[in-house]
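Same order as they appear, the protein sequences are chains A and B. Numbering-wise, my numbering puts 61 at position 61 of the first sequence, and it's gapless, one number per residue. Counting from 1 along the second sequence, just add 1000 to a position and that's the residue number in my numbering.
Source of the hints: derived by calculation from the structure; they are not laboratory data. Keep in mind that this is a model prediction, so the values were computed, not measured. Treat the hints with caution; some may be incorrect.
Here are the computed distance ranges between Cβ atoms for each label pair [stated by the list, open to error]: (1) R385(A) / F1207(B): 33 to 39 Å; (2) R385(A) / A1191(B): 31 to 37 Å; (3) L1027(B) / V281(A): 37 to 43 Å; (4) F1207(B) / W439(A): 49 to 55 Å; (5) M1012(B) / A175(A): 40 to 46 Å.
Note that beta-carbon positions come from the ideal geometry of N, C-alpha and C, so glycine has one too.
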Amino acid sequence: MADQVDPSLASLNTAATEAIQAAPPSSVKKAPVPVAPLPKLDAGQALRSRRRRLPPFFVTLFSNAPLLLLLLLLPAAEFLEGYQPAADKMSTAQPNVDETRLRMVMLIGINITLAVSLYLINGVSGQFSLGHAGFMAVGAYLAGYSTLTYSDNWSRTPGPLLYFLSLGIVMAIVAAAITVLYALIHSTRSVWRGLPGLLLLVVVVWLVVDFSVAGKGAKDWSMGAWVGNKWFGLHIPVLFARALVWIQELFNSIMTTGGKPLTLLIALIGGGLCSAAVGLVVGIPTLRLRGDYLAIATLGFAFIITNLITLSEPLGKATGLSVIPYANVAEADSRAHYIFPWIYGTAIVTIFVVWRLTHSPAGRAILATREDEVAASAIGLDTTRFKILAFVVGAFFAGIAGGLYAHLDPARLDPKDFDFTRSVELVVMVTVGGLTNLWGVIIAAIVLTFLPLFLRDPQTWIQFLLRPIRGDTALQLPAWLTDVFKAVAANQMVVYAALLILIMLARGRNYLAWLPRKSRAQDRA
Amino acid sequence: MTTAATLASSPMPLLHLQNISLRFGGLTALSKFSFSLNPGELVGLIGPNGAGKTSAFNITTGVYRPTSGKILLNSQPIAGLPPHQINHAGIARTFQNIRLFASLSVLDNVITAFNQSAEHGLLSTILRTPSYIRERRQFHGDAMELLNTLGLATRAKACASSLPYGDQRRLEIARALATKPKILLLDEPAAGMNPQEKQELMHLIRFIRDHFGVGIWLIEHDMKLVMNVCERITVLDHGETIATGTPAEIQCDPKVIEAYLGEPV
Chain A
1 MADQVDPSLA
11 SLNTAATEAI
21 QAAPPSSVKK
31 APVPVAPLPK
41 LDAGQALRSR
51 RRRLPPFFVT
61 LFSNAPLLLL
71 LLLLPAAEFL
81 EGYQPAADKM
91 STAQPNVDET
101 RLRMVMLIGI
111 NITLAVSLYL
121 INGVSGQFSL
131 GHAGFMAVGA
141 YLAGYSTLTY
151 SDNWSRTPGP
161 LLYFLSLGIV
171 MAIVAAAITV
181 LYALIHSTRS
191 VWRGLPGLLL
201 LVVVVWLVVD
211 FSVAGKGAKD
221 WSMGAWVGNK
231 WFGLHIPVLF
241 ARALVWIQEL
251 FNSIMTTGGK
261 PLTLLIALIG
271 GGLCSAAVGL
281 VVGIPTLRLR
291 GDYLAIATLG
301 FAFIITNLIT
311 LSEPLGKATG
321 LSVIPYANVA
331 EADSRAHYIF
341 PWIYGTAIVT
351 IFVVWRLTHS
361 PAGRAILATR
371 EDEVAASAIG
381 LDTTRFKILA
391 FVVGAFFAGI
401 AGGLYAHLDP
411 ARLDPKDFDF
421 TRSVELVVMV
431 TVGGLTNLWG
441 VIIAAIVLTF
451 LPLFLRDPQT
461 WIQFLLRPIR
471 GDTALQLPAW
481 LTDVFKAVAA
491 NQMVVYAALL
501 ILIMLARGRN
511 YLAWLPRKSR
521 AQDRA
Chain B
1001 MTTAATLASS
1011 PMPLLHLQNI
1021 SLRFGGLTAL
1031 SKFSFSLNPG
1041 ELVGLIGPNG
1051 AGKTSAFNIT
1061 TGVYRPTSGK
1071 ILLNSQPIAG
1081 LPPHQINHAG
1091 IARTFQNIRL
1101 FASLSVLDNV
1111 ITAFNQSAEH
1121 GLLSTILRTP
1131 SYIRERRQFH
1141 GDAMELLNTL
1151 GLATRAKACA
1161 SSLPYGDQRR
1171 LEIARALATK
1181 PKILLLDEPA
1191 AGMNPQEKQE
1201 LMHLIRFIRD
1211 HFGVGIWLIE
1221 HDMKLVMNVC
1231 ERITVLDHGE
1241 TIATGTPAEI
1251 QCDPKVIEAY
1261 LGEPV
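Isolated chain A, as found in the complex (with noise of 0.2 Å):
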């Protein structure tokens, strides 16, 4: 054999065979030469109890202790009740600050919510999602009808409960009746492979011909619009609430006099919960994508939920639902300086829920499993359900906002309100907040709040915020400052486009570096 072979390939092959034979076999080679001697293994026991330690009770009750501290959103909120704003004073306020800035004010908190809630599913467990909106829309169109049609005026708390509960039992069995349609044809598959794909197909065939027979105004018969119509518009669960009456019975002994808050409380926790079923419905099938398949995905789904509310004649369809409870409190001032401490309350948990999440083993998990899925499901880490784990959590905060969102408004909540544009905003919000850095995002979603309104009238609200220093006489700004402002006023949304693509250039010169250090270290994905 040797004698065919070319001969520099030859000596090659005497110089591999030398190689391999210079290493000696493991049978003579057992006498250990310890190069490196590893560390004694009684070090990590000392390690281990060098510090004493605090009981696990005590560390519970001292690091949830901070929460009280919201307690002192409600004086907060009296500070602002009892504060009259000077709007006679401001003769230059073009339009009405102070109706502004109150709207403001509270669309900050629940923006602040909003970016929160999507930092967990876009920041830290890395998926694409932009259908924010959607998981808002959910919450605010459910908590909005239950305490419109069942709360009376707040006046009836098992109302909204009832409703909830009743919604709950229906999409129990709903998801009962999935379950066991997915476990039939799961088990055809030993028929025959292609029956489940098959079935599969006749029910999407079905269910599209039938939401586009709805479409055209065929109601008695179509499957789309009794679920549009009827279920969606929840005429069942009023059928569930009359067979559940006696809870009713049991329940207003105990909560009638719970009145406004806990009427508030139960309409925001269950269209939240809402959503987070939503979230988890959603977040099944499109979290095996990845990137932007992710991305369009739930583009989709939050289009189909705005049509669904559009198509939906109790949700008030195209005109969305009007006349949602305090519209009838009392004048606009005191309304919303009521809802402050909700919203801001709400943006504080969500911050701490958030925060400790991301700070435990799971939120480790959810983190490594952005930065290497392969690496996470090979130490044993079941990828989907962090990932569904993030979203829905996500889902069950933006819901609780939307909540907030129609309790805000008191004239009317628009299907619009809940379109592409608003999960873009709130996308972006968490993109110039630095993705992965919580306290950026917070400062994002006050700043890019802010800016729109502020660009509006740049003067007035100059004029405004120097008011503590100057008092209330007249700015006397020189007139080619004026001039820029008027500018600036009249294209707004370039300016603002203009100052987004500034934000995102700076981000290379780390802006960001007077943050606390430990979320920068997360940073770098």
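Once you've looked at the hints, dock chain B against the given chain A.
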């Protein structure tokens, strides 16, 4: 601590791959690959580039589903299970290109691997209930102990990506060991190491086998390391098993030498 000798005498192999084939369209990555690993055994898998070594690992750990064939772990079939369930069953691995969670700390990289045994739910995580605190301390202590065993305890707080190359390899092994496996698959652990680091790695591999009692299956290109460390070696070429045996037998096998240099003209 169970030693290799007592475990190796058990009748049934811990891991058994039977006639595994893997095809991607027309390309056959592995054909009729059979392999077995006894508890506490140290077995090597070598072969030229593209021979199907990593494919064999990927099939075993559930990244790929084999086109045909069976995989038995403790006589239980595991082929086709998702990767995390295969890990729960007792197989852990490292990767050819190091796949650490780069932005997490060294300690967190290991703690993350404990997560599968976590018992606390979402609510107790958020409220930091005493059971959660206890469990987290348990994780923390276990992780420090493991890092200490592998000589990484002093770097516990550092960012994983800031470690030197050899330490990153060791951390990856520590993370795999944190899942308490019965079998550890090492995919080219010596790649990119200098001779000194390779020497340390050799001791580390033996130490892990003896200290943790795991069976180790090793892919490696460095002949010196493989011949020194492994008790048995399988050689793959173009998806086919061309030789199996002790290091001494493999070294003399003409087919192996041929496979490494291509067929004579």
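Status of each hint after checking the structure:
1. R385(A) / F1207(B): 33 to 39 Å: Cβ of R385(A) to Cβ of F1207(B): about 34 Å, so the range 33 to 39 Å holds.
2. R385(A) / A1191(B): 31 to 37 Å: This hint holds: roughly 32 Å between Cβ atoms.
3. L1027(B) / V281(A): 37 to 43 Å: holds (39 Å)
4. F1207(B) / W439(A): 49 to 55 Å: This hint is violated: roughly 43 Å between Cβ atoms.
5. M1012(B) / A175(A): 40 to 46 Å: Holds, since M1012(B) and A175(A) (Cβ atoms, about 43 Å apart) stay within the stated range.
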